[in-house]
Every structure is written in C-alpha cells, then in structure tokens.
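My request is simple: use the sequences and hints to build the entire structure.
Protein chains in written order, with the working numbering: chain A, 1 to 336; chain B, 337 to 611.
Derived from the structure by calculation, the hints contain no laboratory data. None of the values given here were measured: they were computed from a predicted structure. Incorrect hints may appear among the rest.
[Unchecked claim] Only pairs whose alpha carbons sit at most 20 Å apart, straight line, appear in this in silico EDC-like list of lysine to aspartate or glutamate:
(1) B/K377 - A/E102
(2) B/K444 - A/E173
(3) A/K146 - B/D441
(4) A/K182 - A/D136
(5) B/K377 - A/D142
(6) A/K28 - A/D69
(7) B/K444 - A/E102
[Unchecked claim] Coverage of chain A stretches by chain B, computed from C-beta distances (three or more under 8 Å per stretch; other residues unrestricted):
(8) 61-75
(9) 78-90
(10) 259-273
We put the beta carbon where it would ideally sit given N, CA and C, even for glycine.
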Amino acid sequence: MSGDPRTLYGMTADLVIEAEGLVKNFGKTRALQGVDLAVPRGTVLGVLGPNGAGKTTAVRILSTLLSPDAGTARIGGFDVVRDAERVRRSIGLTGQYASVDEDLTGRQNLELFGTLLELGRTGSRRRAAELLDWFDLTAAADRQAKTYSGGMRRRLDLAASLVGSPDVIFLDEPTTGLDPAKREDMWDVVRSLVTNGSTVLLTTQYLEEADALADAITVIDHGRVIAYDTPEGLKRVVGGQTLEVRPSDPAHLSRIAAILSEVGSGAQADEIRKGVLAVPVSDDAALTETVARFAAAGISVTELSLHLPSLDEVFFTLTGRTASDDDTTSLTEVAA
Amino acid sequence: MSTLVGTPPRTSSVLSTAVPNPRPFRLVRHSLALARRSLIKTWRTPEALIDVTLQPVLFLIIFVYIFGGAVAGSTHDYLQFLLPGILAQTIATGAIAIGVNLNTDIAKGIFDRFRSLPVPRSAPLVGAVLGDVVRYVIVTVSTLAIGYLLGFRIESDPLRAIAGCLLAVLFALCLSWLPVFVSMKVRTPGAVQGLMFALIMPLSFASNVFVSAETLPGWMRAFVDVNPMTHLVAAVRGLFLGTPVGSHVWWTLAWCAGFVVVFMPLALRAYRRKI
Numbered sequence: 001m002s003g004d005p006r007t008l009y010g011m012t013a014d015l016v017i018e019a020e021g022l023v024k025n026f027g028k029t030r031a032l033q034g035v036d037l038a039v040p041r042g043t044v045l046g047v048l049g050p051n052g053a054g055k056t057t058a059v060r061i062l063s064t065l066l067s068p069d070a071g072t073a074r075i076g077g078f079d080v081v082r083d084a085e086r087v088r089r090s091i092g093l094t095g096q097y098a099s100v101d102e103d104l105t106g107r108q109n110l111e112l113f114g115t116l117l118e119l120g121r122t123g124s125r126r127r128a129a130e131l132l133d134w135f136d137l138t139a140a141a142d143r144q145a146k147t148y149s150g151g152m153r154r155r156l157d158l159a160a161s162l163v164g165s166p167d168v169i170f171l172d173e174p175t176t177g178l179d180p181a182k183r184e185d186m187w188d189v190v191r192s193l194v195t196n197g198s199t200v201l202l203t204t205q206y207l208e209e210a211d212a213l214a215d216a217i218t219v220i221d222h223g224r225v226i227a228y229d230t231p232e233g234l235k236r237v238v239g240g241q242t243l244e245v246r247p248s249d250p251a252h253l254s255r256i257a258a259i260l261s262e263v264g265s266g267a268q269a270d271e272i273r274k275g276v277l278a279v280p281v282s283d284d285a286a287l288t289e290t291v292a293r294f295a296a297a298g299i300s301v302t303e304l305s306l307h308l309p310s311l312d313e314v315f316f317t318l319t320g321r322t323a324s325d326d327d328t329t330s331l332t333e334v335a336a
Numbered sequence: 337m338s339t340l341v342g343t344p345p346r347t348s349s350v351l352s353t354a355v356p357n358p359r360p361f362r363l364v365r366h367s368l369a370l371a372r373r374s375l376i377k378t379w380r381t382p383e384a385l386i387d388v389t390l391q392p393v394l395f396l397i398i399f400v401y402i403f404g405g406a407v408a409g410s411t412h413d414y415l416q417f418l419l420p421g422i423l424a425q426t427i428a429t430g431a432i433a434i435g436v437n438l439n440t441d442i443a444k445g446i447f448d449r450f451r452s453l454p455v456p457r458s459a460p461l462v463g464a465v466l467g468d469v470v471r472y473v474i475v476t477v478s479t480l481a482i483g484y485l486l487g488f489r490i491e492s493d494p495l496r497a498i499a500g501c502l503l504a505v506l507f508a509l510c511l512s513w514l515p516v517f518v519s520m521k522v523r524t525p526g527a528v529q530g531l532m533f534a535l536i537m538p539l540s541f542a543s544n545v546f547v548s549a550e551t552l553p554g555w556m557r558a559f560v561d562v563n564p565m566t567h568l569v570a571a572v573r574g575l576f577l578g579t580p581v582g583s584h585v586w587w588t589l590a591w592c593a594g595f596v597v598v599f600m601p602l603a604l605r606a607y608r609r610k611i
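So this is what it looks like as structure tokens:
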C-alpha cells in the first residue's frame, strides 16, 4: 500500500522533502530498514507510528543530526549529508530533543537563535518580539523558560524553530503530553504555517492529530513504511464506510435492520450500541436510498450518518495493534 | 486515492525573512554569542559560583592559620607565600565545572538545536569555554580581595600583578579543554567531577603551592619540576612578589599551548561523535 507521492499529488508535485531507502542501525537495533518519504511543497505529511517505530530517527536524519547508514534524503533539493549546511539554513526543528535553554528567558533564547541565524542584533530583536507576540508569550518573555507551563514551553520550542522563517518544519510529536485545548491551539499554529507556504513533516502517535492536520500519512512500524496515502484513502482501503441509524422508536429496530441489510454491501445490520444499528455500505449512494426507503415505510429516525473508519481502526488493521499500545493516554481516549 | 489541491500562496507575514548567506568570521561571532549564553546562565545561577568564591576564602583562612606558624614561622609570611598558590589551585579546580556543566547540558536537547542550525559545529563548545572566563576572573578577584583583608600585599607593581592574574586566567582557560574532553567521554556529571579531581589534586599538592619545592624528597622533585602547576605558581608568585620568575612564565605558556593543542581537537572530535 505504500504508494508513490505522485499518485497522491500528481506528476508535477514539487517535492520539498524526499527520502529514499533510509537505513539506520544502532548496534543491533534496526531503527530504519529502508524508509521512503515524500512531501510536496506547502503540504503536511503525518508520520504515524507507535513508540520506537523509527519516527524520531527519520526526523533526525532529515534534519542533519544523524547520518543514514544507507539511502539518501534531500531537503529542497539539497542532500542532508553532503549539503548539510544548506539544509540547516532552510529547516526548523521542534521535538523532545531540540529544545531551548531553560536558564535563559524566552526572549533571550529567541534572540540567541536569531544571532546564530545571522539576523543581526536589530533583526534578532524584532523577530523575537514578533514570534513572542504571535505565540502569545509576550507577558512571559522575560521569565526563564524553566518557569513556563507545558503549553508555553511547547509554544516557545516551536517559536524557536521558526526564528529563521524556515521553508521546511519538522515537528516531532509536537503535542505529546498537552491537554486537548492546548493541542488544538498547536494545530491552529501548524495550519497557519502551512497556509503561509511552509512544508511540514509531523510525527505523532495520535491518529486524530494526523487526521486533523495531514494531507498525507506515512505509517511506520518496526522501521518500515507499512502504508502511505491520504487520510481518506487509508480509511477507505482498510474499512469502507459504515451507515449508522438510531430510530426514534426502538420498536422499529427489526424493520430497520431488514432495510439496512438490503441497502448494505452484503453484511447483516448489527446493533453496535444500544438502539443504534450499523451496516457496512459500498458507497455514498446508500445514504440516499436508505432515506427514501425509510420515508416510504413511514419510519422516523433521530440519527442517520455515514462514517469512514477511524484511523485507530486503520492502524489496528495495518499493525494488529492499537497506536497507543505503549502509551498511557492517547488523544482519542482523552477526546472521546 | 484522491488528489490533493496545490500550493497555498506564500504570503509574507511571520514567514517573511529568509536566512541570509553566512558572513565572515562566523566561528568567532557564533562562539561569542554562545559565550554570552554561558554568561547569562552564570549570572542567573549565582550559587554555581561557590567553587570560585567561597573555596579560595576557606582555603586561605584554613591554610594560613593552621599551617602558617608551623611552615613559615609567621602567618603573614605564609600568606604572602601561599596566596599565589591558592589562586592557582582554585582557578584550576574552577575549570572542572565546565566539564560538569557540559555533561549535563548536552543531554538536554539545546545542543541538538544548535546542531540543526547553520552554526559551526565547534561554536557551542568554544562558546562555553570562553564564557567561563568570567568565572576565572571572579576567582582571581575574590582570592586577592580576601587576601588583602587578611594582610596580603602585592610587592611588585600593578603591571606585573595584572600580568600574574592574566596568566592564571589564561592557564584555566587552556586547561579547561581537558575537562571538556573528559565530559564528552564519560557518562555522568559526577564522573567528570570525580575524574577531574583525581587529576587536579595530585597536581596541586605535589607542587610548590603549599611548601617550597626545595623541601621535597628527590624522587618527588622530579614530578614537581615538570608539574604545570609548579610553573604557574612560581610565575604568579614572582609576578606578585617581585621576585625573579626565571623561565616559569615561558613554561606556563608552553603548558597552556600544550593543553589547547592536545585537548581541544580531542574534545571537538569527541563532541562531533557524541551525538
């Protein structure tokens, strides 16, 4: 199922991030075993996988922190090993490892990175002020970063990676450990970065995060790409759609079940929750047909909906495990 | 499979400036910017200055009043003799802290951030080493200040006194590449501290810091005579007290050059391999 990006984005796709056959071993641990990644300009690629799948290793290679044992990667056409210096000028990196100096204030951190990025004294100050404002950190700007809350720290980390206005942004698990409201804030930031033309590669364990942000998703497990598609594409490939109905009068359940079994794609309708019937369907047309049949039979319903499978189900189908097997809280649990 | 819509227009709001091409003297400018970071950290955590403020004070008072009478016949004579030695000893142990700090720092992720930026690889280390100069200046000032309160007096002239202070600071600056190298090689900050003390203590005791080298047995003299600490102490003592310094200044400078030539490349190489 791992496809060519050109089938998703068209033949003319301008790939900003390209990786082919990345291999990386740490002693006996085979972190990456031939990973391909591709991200066209101005899009978000979600790299999804459980802890230890190799996501972070892939990001560290793409951001020039690690050399691959085999395979190549280019950012904006520049090789991450041979042209590391050029690559570093066009990327921003945020993750559990690329952090800020906790003893410095938010402003001092951003100004330091501005100086290192050759923005000059005035340029660094202006850029720091601009980012502090954008990330709503102006009030805390002159406090040491170690006094920041978790959400503020993440915003500062992200701001730090944007000082050089990079074309390409790597976000390694940007919302791990944040509460749902803070997570939504981060999502809005990512969306506006993309609207402004940045290309984003985002790793996450949260299926909902990939679903909310990504134009395409690469699923990695045990150092291999096991799927590459759009979120909708992935859902369709794995499960098809499901039609769910809740009748106004529970007495109608059996008549409804009979109708659903006829419009469905073969399987019998099932009562998936108390008073809710569901049946797998082959396409959207089933919805209109169901409505017409209910009307003809004089049955009223309080709920009628068509669902793609969740990415959780997709992940389970692909790997035989849930995405959060080795994690105590998953976004889907929190948000459910 | 669906086809995605194309590129959103690139507007100029937050993402307006592009990173310009590198300007010359990048290593120097970036190292200084990163040295400033070390300075801010030092300023923010004054308790980390205990080794360079309290230690010389305690050592001077303890050694002068316990051993002064026995070793030199009078506490004042011993203070005149001992102060340059205590300065050399505390400035050398003060250089250990950089290894301990780097070992802690490197695990925290800020160094990965530096490595993802278009910054010369060695700049974060060079910056950290340069930033610690302020600590060596603080050792020098606090040692001389407490010395003056106890009755120490410079017997040469201000110029030679300043030269003595600068020599001590330079010695620590060059020596600090050794703890930097050690910090890249061992796993914990405690191991850096332990190993460095094990190296520095024999250097400072088997020397002329506390007693004149003439009183030592022959086999120990052989070590004491090549000990870099001996040369530093003899040079500073001469510069402070106006006595002849002989070739000790040159030997000290040679040792400084040796530390940098050997341990700086080793430290930088270990740093590149570390992560």
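Outcome of the hint check:
With a C-alpha separation of about 9 Å, the suggested pairing of B/K377 with A/E102 holds against the 20 Å cut-off. Between B/K444 and A/E173, the direct Cα distance comes to roughly 17 Å. Compliance with the 20 Å bound is thereby established for this hinted pair. Our distance criterion of 20 Å between C-alpha atoms is met by A/K146 and B/D441, whose separation comes to about 14 Å. Taking the CA atoms of A/K182 and A/D136, the gap is near 13 Å; set against the 20 Å cutoff, the hint holds.
A C-alpha spacing of about 14 Å is found between B/K377 and A/D142, which places the hinted pair at or below 20 Å, so the restraint holds. With a CA separation close to 13 Å, the supplied pair A/K28 and A/D69 stays within the 20 Å bound. As the CA atoms of B/K444 and A/E102 are separated by approximately 9 Å, the hinted pair is consistent with the 20 Å bound. Residues of the segment 61-75 of chain A lying with their CB closer than 8 Å to a CB of chain B number 3, which satisfies the three-residue condition for coverage.
Proximity of the segment 78-90 of chain A to chain B, defined as three or more residues with a beta carbon under 8 Å from a beta carbon of that chain, is established by the 4 residues found. Remark: the segment 259-273 of chain A is not confirmed as covered by chain B, as 0 of its residues place a Cβ nearer than 8 Å to a Cβ of that chain, below the required three.
In terms of the numbered hints stated before, the structure departs from hint 10 and from no other.
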